[in-house]
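There are 2 protein chains.
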Amino acid sequence: MYEGVIQNLIDELGRLPGVGPKGAQRIAFHLLAADSEDVRRLAAALIEVTERVRFCKTCGNVAEAEECRICLDTRRDPSVICVVEEPKDVAAVEKIREFRGRYHVLGGAISPIDGVGPDDLRIRELMARLADGTVTMGLRVTRPASGLPVGGDLEYADEVTLGRAFEGRRLLDV
Amino acid sequence: MYEGVIQNLIDELGRLPGVGPKGAQRIAFHLLAADSEDVRRLAAALIEVTERVRFCKTCGNVAEAEECRICLDTRRDPSVICVVEEPKDVAAVEKIREFRGRYHVLGGAISPIDGVGPDDLRIRELMARLADGTVTMGLRVTRPASGLPVGGDLEYADEVTLGRAFEGRRLLDV
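Protein chains in written order, with this note's numbering: chain H, 1 to 174; chain D, 1 to 174.
Hints in this document: simulated from the structure, not taken from any laboratory. Quick reminder that beta carbons are idealized off the backbone N, C-alpha and C, glycines included. Hints may contain errors.
[Said to hold, decoys possible] Mimicking DSBU-like on lysine-lysine, the simulated pairs with C-alpha atoms at most 35 angstroms apart in a straight line are:
id, chain 1, residue 1, chain 2, residue 2
1, D, 57, H, 22
2, H, 57, D, 22
3, D, 22, H, 22
4, D, 22, H, 95
[Claimed, not checked] Label-pair restraints from in silico Cβ distances:
id, chain 1, residue 1, chain 2, residue 2, range
5, H, 163, D, 150, 44 to 50 angstroms
6, D, 97, H, 153, 27 to 33 angstroms
7, H, 85, D, 83, 49 to 55 angstroms
8, H, 140, D, 155, 55 to 61 angstroms
9, D, 153, H, 118, 49 to 55 angstroms
10, H, 100, D, 156, 51 to 57 angstroms
11, D, 97, H, 112, 45 to 51 angstroms
12, H, 153, D, 15, 48 to 54 angstroms
13, H, 140, D, 37, 28 to 34 angstroms
14, H, 51, D, 140, 34 to 40 angstroms
15, D, 119, H, 85, 55 to 61 angstroms
Please work from the sequences and hints to get the whole structure.
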């Protein structure tokens, strides 16, 4: 449809998650009209990420050094580990500013349908971390409560979530 | 929230039209997990567009040479010019494969509220093209019909469109 390099950019953008063909076209024309410095900055940010980001050797989170910022932070409690699927889950938990322990990123979840078993995740690494005695194994394992979003309407909750919300209902001080 | 280069990429992606903060994060993590060759290809496509795309000196469409593919195509009828706002409108009209003339891209529309007047658009260039005699001035100026989308429901049409659809209604052969 377009001349080579524009169509090429539209095709590349269209491969990104959440960007359809119309969105890719819109972004491409936005970039065409944009200051070329802005486009270069975006291109440089892409290259930098491929060159500089690696995965923390301890927890598997994204990092710019051997270990991530959180593992390097000595103020964080090493005796509590929050196990999550992906690096973006670390960011989500960090955002609530409540958890002061460390993380362990599994790199996915067990999913037989996608052929992902325990050996495809960083479970061995988790066991090794637990074995060194910093975290006392078998003591306490918790998971976040399932339930309704704060301020959410009952009618929009799926049955499983509503079921969990009822199972886990808490006594009010009245 | 994230280490420097990742946050930087998320910020840059978040500036693109139609990409919110969540979308930017999703794209960034997709790129982190992607083959670094794929990311480099996207970065190269961005750079290529800034370096190689310019605007056709005749019609104002995007081009990789002095003139765009359409202006260079001698099979296209030079006596008919379709005037559009943006290069992406050229692509939209080309998609219907009906129009065999040339284009003129104004680079926007008159919009006093945004401070865009006739002098900000490529109207002078259009007049110059018309003056050379290839297109006979004053002969016929048309605009596409306004109306309902094919298969569209009446209830979803705004009043102005529905009004235009009624004004322009066509006799059926029955």
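Non-conforming hints, listed in increasing numerical order: Violated: hints 6, 12, 13 and 14.
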